[in-house]
Amino acid sequence: MIKIEHMSKNYGPYPAVIDVSFEVLKGEIVGFLGPNGAGKTTTMRVVTGFTPPTEGEVTVGGYDVVSHSLEVRRHIGYLPETVPLYLDMTVNDYLTYMGEIRGMNASWVQERLPKVIDMVKLGEYQNTLVGRLSKGYRQRTGIAQAILHEPDVLIMDEPTIGIDPIQVVETRELISNLGEEHTMLLSSHILPEVSAICKRVLVINDGRIVADDKPDDLSEKLQHAERIEISVRGAQAPEFINSMREISSVIDARSDLRTSVVQRSEREDFSPFIVDAKPNAQASEQIAKSIIENGWGLTNLTPLPMTLEEIFLELTTEENLDE
Amino acid sequence: MRFISVIAIKEIRTYFASPMAYVVSAAFLAITGFFFVASVSDAFAEASIRGYLAGAIFFMIFMSPALTMRLIAEEQKLGTLELLLTSPLREFEIVFGKFIAAFAMTLIMIILSLYFVLVLFVYGDPDIGPLLSGLLGLTMYAGATLAVGLFASSLSSNQIVGLVVGSGILTALTIIDFVSARLSGMASEVLNAFQLGASFSVFDLDSFGVAEGGHFADFARGIVSVTDIAYYISITAVFLLLTVLVLEARRWR
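Chains as they are written, first to last, in this note's numbering: chain L, 1 to 323; chain W, 1 to 253.
With a straight-line cut-off of 25 Å between C-alpha atoms, the simulated DSS-like cross-links for lysine-lysine are:
(1) L:278 <-> L:289
(2) W:77 <-> L:135
(3) L:214 <-> L:26
(4) W:10 <-> L:115
Cβ-Cβ distance ranges computed for the label pairs, FRET-style:
(5) W:27 <-> L:8: 49 to 59 Å
(6) W:190 <-> L:108: 47 to 57 Å
(7) L:252 <-> W:161: 54 to 64 Å
(8) W:46 <-> L:108: 57 to 67 Å
Hint data in this document are derived by calculation from the structure and do not stem from the laboratory. Note that beta-carbon positions come from the ideal geometry of N, C-alpha and C, so glycine has one too.
For reference, chain L alone in the conformation it holds in the complex (with noise of 0.2 Å):
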């Protein structure tokens, strides 16, 4: 459905986005990371065909998004990321005027608008004016005038950024159901949301590509190391790691620095430490015995998964080090 081929984009001489190709197919939910200024938007601006790529081709459908524009646009439904609202108006009028200006006639409107209350749920808010509605009732009113018009496309842009716990869960529960109908480029940084929504997950940092894949096979592929967490009772800290570093398939060991001075000193007896060892080298086993043999107490060995988080920064990091 959007294809893209070696698309860069500059704003003057500043590139926002570098050699950028890749596919979403049809009815598949594509998740697309990276940290604030990647290159995220830009790229959804591109497809929507808002500001034309400065190099490359990007086709929706099978349209060009410069030459053929006013269909690419008949084809799409966008959220941008500062949900663009009409303040003084309600929000039936407000979803009555953009079903409008995307071509929908009036019967059609008038069939397809309940529809879409119920399925975003503001019904209680029909006609409320859009200025008095809260931050996660705003970004409901912008899905619906996204998929109002049943476009084949749905492009959003940070779409549960800023609302509450309980909305951003409520807003994730629509965006999977949406999915079923809908090919759907969804950006974020926040990474469990995507790994939750999406099947496939796109890394942008810099401008580039740096990973397109499922979230979970990222998490396989990326992990160089398995980690561990390691709490000992009468060890001290350089003791142990030195013993720990002795052992062939540990990589490297330290104080686990995410607990604070004030926990650490406290716990005293069982002061955390992080082992990173090498993967499928039964190098639990290994500790354990280490541990025991150097008369410690060994209170908890707990292997970690790499998060999304720290995949990403890992990602993140090693593009920085090739520059």
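For this one, chain L is given, so just place chain W on it according to the hints.
Chain W only, in chain L's frame:
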């Protein structure tokens, strides 16, 4: 065409939903009323709407940009311009729709002020020619000033900037004779050709300015000339086109 009317209707509704339309109409009626009374209240005064016209074209220098300042600047500020430009709309449909809305508002105000004409017919015997040509001229003048105002509104996301730039351009076009009077030959004539309406001799209660210079003078006298009509239509067209170009240029940034 459908999109133009959708946008125009939305904008007209927004005008009436905010205090803007009422405040501006009240000010327009008050100011034109003042000039009208000043021009007809002397003994043996001429039964004409010349005073009303002088007040109207003077006030429109500020009123037109005030009516249009919101139209595009606010879309940029709210981010709704991004929605409009990613909808299957062409830029000229957006610009025309908004222009038509502002023009309709101005026409409503002019129609509201027509009771002055009734007053003339009740208490005097006005010449119908200059009356009709004056109103025709005022309508065309309104279109030109609104186009300038709409262009100014497209330049930034700040409404006040739109108001100041719009009024600035209109003031410059109005007082062009201050400059041309100090030049001679071609330069003076070329500048004079761009004179928008009356100069500030609008405050001269004897002639009410409109009779002096600018493309409005003949309309006020009862003469409908092709040059003047072409001038106002050109100003309208050029500034609407510039507005479309500003919106199109936004895509290429």
